[in-house]
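Trainee: Residue strings, one per chain:
Protein chains: 2
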Amino acid sequence: MSGASGGKVLALAGGVGGAKLALGLARILPPERLTIVVNTGDDEEFHGLHVSPDLDTMTYTLSGWYNRETGWGVAGDSFETLAMLKRLGADAWFNLGDRDFAMHIRRTQLLRQGMTLSQVTSELTGRLGIEHCIVPMSDQPVRTVLETDAGTLSMQEYFVKHRAGPAVRSIRYAGAENAEPSPGFAEALRSADAIVFCPSNPHLSVAPIMAVPGVRDAISGHMACRVAVSPIVGGDAVRGPAGKIMGELGAEVSAAGVAREYRGLCDVLVLDTQDAALSDTIRSVGMTPAVTNTIMQTDDDKIALARTVLQLVESAE
Amino acid sequence: MSGASGGKVLALAGGVGGAKLALGLARILPPERLTIVVNTGDDEEFHGLHVSPDLDTMTYTLSGWYNRETGWGVAGDSFETLAMLKRLGADAWFNLGDRDFAMHIRRTQLLRQGMTLSQVTSELTGRLGIEHCIVPMSDQPVRTVLETDAGTLSMQEYFVKHRAGPAVRSIRYAGAENAEPSPGFAEALRSADAIVFCPSNPHLSVAPIMAVPGVRDAISGHMACRVAVSPIVGGDAVRGPAGKIMGELGAEVSAAGVAREYRGLCDVLVLDTQDAALSDTIRSVGMTPAVTNTIMQTDDDKIALARTVLQLVESAE
Chain B
4 MSGASGGKVL
14 ALAGGVGGAK
24 LALGLARILP
34 PERLTIVVNT
44 GDDEEFHGLH
54 VSPDLDTMTY
64 TLSGWYNRET
74 GWGVAGDSFE
84 TLAMLKRLGA
94 DAWFNLGDRD
104 FAMHIRRTQL
114 LRQGMTLSQV
124 TSELTGRLGI
134 EHCIVPMSDQ
144 PVRTVLETDA
154 GTLSMQEYFV
164 KHRAGPAVRS
174 IRYAGAENAE
184 PSPGFAEALR
194 SADAIVFCPS
204 NPHLSVAPIM
214 AVPGVRDAIS
224 GHMACRVAVS
234 PIVGGDAVRG
244 PAGKIMGELG
254 AEVSAAGVAR
264 EYRGLCDVLV
274 LDTQDAALSD
284 TIRSVGMTPA
294 VTNTIMQTDD
304 DKIALARTVL
314 QLVESAE
Chain F
4 MSGASGGKVL
14 ALAGGVGGAK
24 LALGLARILP
34 PERLTIVVNT
44 GDDEEFHGLH
54 VSPDLDTMTY
64 TLSGWYNRET
74 GWGVAGDSFE
84 TLAMLKRLGA
94 DAWFNLGDRD
104 FAMHIRRTQL
114 LRQGMTLSQV
124 TSELTGRLGI
134 EHCIVPMSDQ
144 PVRTVLETDA
154 GTLSMQEYFV
164 KHRAGPAVRS
174 IRYAGAENAE
184 PSPGFAEALR
194 SADAIVFCPS
204 NPHLSVAPIM
214 AVPGVRDAIS
224 GHMACRVAVS
234 PIVGGDAVRG
244 PAGKIMGELG
254 AEVSAAGVAR
264 EYRGLCDVLV
274 LDTQDAALSD
284 TIRSVGMTPA
294 VTNTIMQTDD
304 DKIALARTVL
314 QLVESAE
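Line order of the protein sequences matches chains B and F.
Per the numbering used here, the first sequence starts with residue 4, numbered consecutively.
Per the numbering used here, the second sequence starts with residue 4, numbered consecutively.
Since the hints were made in silico from the structure, they are not lab data.
Take the hints with a grain of salt, since some may be wrong.
[As the list claims (entries may be wrong)] Covered stretches of chain B (in silico footprint by chain F; criterion: 3 or more residues with CB under 8 Å from a CB of chain F, positions within the stretch not fixed):
| id | region |
| --- | --- |
| 1 | 50 to 59 |
| 2 | 88 to 94 |
[As the list claims (entries may be wrong)] Chain F residues, not near chain B, derived (Cβ > 10 Å throughout):
| id | residue |
| --- | --- |
| 3 | R36 |
| 4 | T73 |
| 5 | G92 |
| 6 | D101 |
| 7 | R115 |
| 8 | Q116 |
| 9 | D283 |
| 10 | T284 |
| 11 | R286 |
Ideal Cβ placement from N, Cα and C applies to all residues, glycine included.
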């Protein structure tokens with residue numbers, strides 16, 4: 004990477020955890036040096052509206068609108084529209100706030116008018132004052148589908164409706180074979196001097212991105228410094244079902260397990276201080292371990308972790 | 004009409020004024036004796052959602068959800084979704100509350116799933132506990148278009164965006180030639196023992212209904228007792244731009260002017276006590292005048308006027 008002042012960073016992210024590190028990166032890097040590519044495997048239609056949970060979490064986080072308590076949705080949002088939809092007979096198990104509904108209404112309208120999801124995302128994030136590029140992984144639909152002991156479930160059905168309860172047997176990314184990286188993602192893949200895997204769920208957030216044709220190969224053979232931050236700390240996910248799913252799919256639920264998932268895709272794995280003992284195992288997988296605090300509670304934590312990641316990139320040159 | 008206990012009433016209505024009398028009728032007549040046919044010439048797409056202002060006003064009025072102060076929308080509704088849509092760059096001159104949005108979201112979803120507007124309306128009104136039939140005039144789009152000195156405007160552009168300011172030169176009902184009465188309207192036309200023209204705008208609410216092919220002829224030649232309530236009292240509309248538009252189109256702005264608009268369609272015109280002096284003029288148009296209080300402020304007023312209308316029907320047998 005050509006010095007702290009010049010190199011381009013491609014960050015790959017899912018929802019809440021990924022958005023935290025992305026916020027830190029965005030506080031340090033100017034817009035022209037950062038592209039944030041977001042998983043859209045969780046996208047789903049609710050009430051006839053196109054909902055993009057991870058894009059929205061990223062958008063709300065970077066715009067400062069996000070709900071710090073829940074991690075999703077807009078801070079202080081009300082739920083009148085959803086309550087009325089329930090009265091009107093709609094199946095309303097997915098929580099959508101009134102301000103949040105505006106995002107989905109506007110996105111759906113612009114998509115129906117013929118804009119791509121990339122164009123719509125650029126429009127919506129720009130309107131909320133975000134200067135950094137947030138781009139969907141693809142403009143074509145890719146949907147994460149889980150085979151579970153409660154049947155075939157979409158990501159949101161699994162995560163929200165069933166509260167991540169059913170055991171996961173396998174995961175596929177429907178539609179991936181007909182998708183391609185979004186223009187912003189393709190450009191970032193070409194020009195990146197560093198690739199950062201944010202601390203997101205390897206199977207539900209990062210794997211859908213890797214499932215887009217050409218992405219895995221491009222990253223496997225990339226000359227950029229590639230750094231991942233483990234979403235698994237102390238034997239479980241910092242948040243969400245990543246640990247549970249890794250275990251159900253037969254992986255070791257640890258930063259070492261994450262290292263194995265990302266083998267060939269990453270050069271450096273950032274793991275939490277409490278997992279320092281796993282450093283040798285991570286080296287044995289062929290990755291350089293980097294130990295630091297990875298728990299991001301405050302914005303300062305997010306900026307500090309982002310700074311550490313960028314320093315690792317610098318020192319790897 | 005076969006007695007107060009048996010005859011069927013078809014009520015034709017637009018928005019607020021019409022909904023008031025319809026509420027009175029619904030408080031007196033059991034569901035099997037009343038069909039309320041509502042103008043859909045005001046329907047418009049906002050934010051990609053199908054909004055049916057008159058159907059909604061009728062629905063909110065009969066369900067008790069309506070805002071008594073404004074006449075439109077849901078009582079106590081909030082406006083978070085619309086405020087956010089404005090932030091996101093949407094053109095948000097048409098006021099839509101959060102609960103109101105739920106109606107439009109659900110309607111749009113069900114229409115996109117292939118239901119007709121009649122089916123959707125039946126579903127939504129049923130969910131809100133309304134037992135009486137509220138039916139759109141047609142399941143095909145008919146749009147009221149005004150040629151004004153500010154250009155060609157849709158009904159909502161004229162009424163809301165331009166606050167009914169521009170002078171109206173002519174009005175047409177686009178799409179009417181390809182429309183047909185909704186199934187519920189067609190059935191009510193066949194079986195009605197009485198037809199009530201609620202006190203709605205003759206040009207913007209009743210004329211679109213008459214523009215649906217076959218309706219004007221069916222009512223002109225109908226054997227039912229046909230009673231209209233004048234929306235013009237004391238030389239102006241009780242509410243809205245009906246008076247202004249009648250004047251601009253060269254009609255007399257009075258109950259007598261209304262009688263002329265409905266010539267051949269109605270047998271009885273109910274006019275307000277303050278217009279009693281117009282009775283002879285109304286007789287000269289070929290209609291029977293009936294003088295009573297037509298200003299409906301309380302629910303009791305609405306029921307009283309509905310009772311008077313039904314008594315006129317009875318006495319005409």
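Trainee: Hints first: check each against the structure and report whether it holds.
Mentor: Do the hints match the structure? See the list:
1. 50 to 59: holds (count 3)
2. 88 to 94: holds (count 5)
3. R36: holds, 26 Å
4. T73: holds, 17 Å
5. G92: violated, 5 Å
6. D101: Since the minimum Cβ distance to chain B is about 4 Å, D101 of chain F lies within 10 Å and the statement is violated.
7. R115: violated, 6 Å
8. Q116: violated, 8 Å
9. D283: holds, 50 Å
10. T284: holds, 47 Å
11. R286: R286 of chain F clear of chain B: closest Cβ-Cβ about 48 Å, beyond 10 Å.
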